[in-house]
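Novice: Below, each chain spelled out in residue letters.
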Amino acid sequence: DAKTTQPTSMDCAEGRAANLPCNHSTISGNEYVYWYRQIHSQGPQYIIHGLKNNETNEMASLIITEDRKSSTLILPHATLRDTAVYYCIVRVTSGTYKYIFGTGTRLKVLA
Amino acid sequence: SQTIHQWPATLVQPVGSPLSLECTVEGTSNPNLYWYRQAAGRGLQLLFYSVGIGQISSEVPQNLSASRPQDRQFILSSKKLLLSDSGFYLCASSGSSYNEQFFGPGTRLTVL
Chain V
1 DAKTTQPTSM DCAEGRAANL PCNHSTISGN EYVYWYRQIH SQGPQYIIHG LKNNETNEMA
61 SLIITEDRKS STLILPHATL RDTAVYYCIV RVTSGTYKYI FGTGTRLKVL A
Chain Z
1001 SQTIHQWPAT LVQPVGSPLS LECTVEGTSN PNLYWYRQAA GRGLQLLFYS VGIGQISSEV
1061 PQNLSASRPQ DRQFILSSKK LLLSDSGFYL CASSGSSYNE QFFGPGTRLT VL
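Protein chains in written order, with this note's numbering: chain V, 1 to 111; chain Z, 1001 to 1112.
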């Protein structure tokens, strides 16, 4: 079972910030939070990951709460090409190599 | 970065026929390799992962098997396909346990 909970779908106006939440209340101290997105009929694409500090790269920002039980992916200026399913993933346990994908959030960017 | 090759892109097979999907990886050595399946409108289900040649871990009991004959080659097989084997099959690779995964373009399998 996935260790994360995400809303099923969200809409965002083009040019506005898209804030995608994720709950991971059972996360362990050595587990990272990863975000991927999947555009229709393509393989998922890595976006960003973090452990406990906020992270930013050219695609997005990741805000992790101090208790690490939730996080938010921020797309600062959403475009139509950002329409996709966004997956929040927590590594299952250390010492294994598995990523368990949930059902994700279907983000629709509206013109 | 890594490049993942998968073929074929689409495949239509009759029930009871065998299956062999191949995945090869460029741009890294000793990768961890993964097979996922995605049913229509659903999330990704991890089927198999491998940390080295000949080492396969299965996540769910099913009609499929995997093999890793070479460091950067991962094969998904079935002796007899079922209707429920239809889906979008994705191969992924990561450089180590904490690195991000790179995904291939996928194979869309339809079993009729």
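Source of the hints: derived by calculation from the structure; they are not laboratory data.
Do not rely on the hints blindly, as some may be mistaken.
Stated by the list, open to error - If you only want the chain V side, here are some residues facing chain Z, beta carbon under 10 Å, derived:
#: 1; residue: CYS12
#: 2; residue: THR26
#: 3; residue: GLY29
#: 4; residue: ILE100
#: 5; residue: THR103
Said to hold, decoys possible - Mimicking SDA-like on lysine to any residue, the simulated pairs with C-alpha atoms at most 25 Å apart in a straight line are:
#: 6; chain 1: V; residue 1: LYS3; chain 2: Z; residue 2: LEU1011
#: 7; chain 1: V; residue 1: LYS98; chain 2: Z; residue 2: LEU1112
#: 8; chain 1: V; residue 1: LYS98; chain 2: Z; residue 2: GLN1002
#: 9; chain 1: V; residue 1: LYS108; chain 2: Z; residue 2: GLY1043
#: 10; chain 1: V; residue 1: LYS108; chain 2: Z; residue 2: GLN1038
#: 11; chain 1: Z; residue 1: LYS1079; chain 2: Z; residue 2: PRO1061
#: 12; chain 1: V; residue 1: LYS98; chain 2: Z; residue 2: GLN1013
#: 13; chain 1: V; residue 1: LYS3; chain 2: Z; residue 2: SER1094
Claimed, not checked - Calculated from the model, a selection of chain V residues having no Cβ within reach of chain Z, i.e. all distances over 12 Å:
#: 14; residue: GLN38
#: 15; residue: ASN54
#: 16; residue: GLU58
#: 17; residue: THR83
#: 18; residue: LYS108
#: 19; residue: LEU110
#: 20; residue: ALA111
Since we're looking at a predicted model, the values are computed, not measured.
All C-beta atoms in this analysis are idealised placements derived from N, C-alpha and C, irrespective of residue type, glycine included.
Novice: State for each hint whether it applies.
Specialist: Comparing the hints with the structure gives:
1. CYS12: 21 Å, violated
2. THR26: 18 Å, violated
3. GLY29: 14 Å, violated
4. ILE100: 6 Å, holds
5. THR103: It holds, given that the least Cβ distance between THR103(V) and chain Z is near 4 Å, below 10 Å.
6. LYS3(V) / LEU1011(Z): 33 Å, violated
7. LYS98(V) / LEU1112(Z): 31 Å, violated
8. LYS98(V) / GLN1002(Z): OK: LYS98(V) and GLN1002(Z) at ~18 Å, within 25 Å.
9. LYS108(V) / GLY1043(Z): With Cα atoms ~17 Å apart, LYS108(V) and GLY1043(Z) stay inside 25 Å; holds.
10. LYS108(V) / GLN1038(Z): Measuring from Cα to Cα gives roughly 20 Å; hence the hint holds.
11. LYS1079(Z) / PRO1061(Z): Holds. LYS1079(Z) to PRO1061(Z) sits at ~15 Å (cutoff 25 Å).
12. LYS98(V) / GLN1013(Z): Violated - the C-alpha atoms of GLN1013(Z) and LYS98(V) are around 29 Å apart, more than 25 Å.
13. LYS3(V) / SER1094(Z): 20 Å, holds
14. GLN38: 8 Å, violated
15. ASN54: Label holds. Min Cβ-Cβ 18 Å, cutoff 12 Å.
16. GLU58: 14 Å, holds
17. THR83: 16 Å, holds
18. LYS108: Holds, because the least Cβ-Cβ distance between LYS108(V) and chain Z comes to about 15 Å, which exceeds 12 Å.
19. LEU110: 21 Å, holds
20. ALA111: 24 Å, holds
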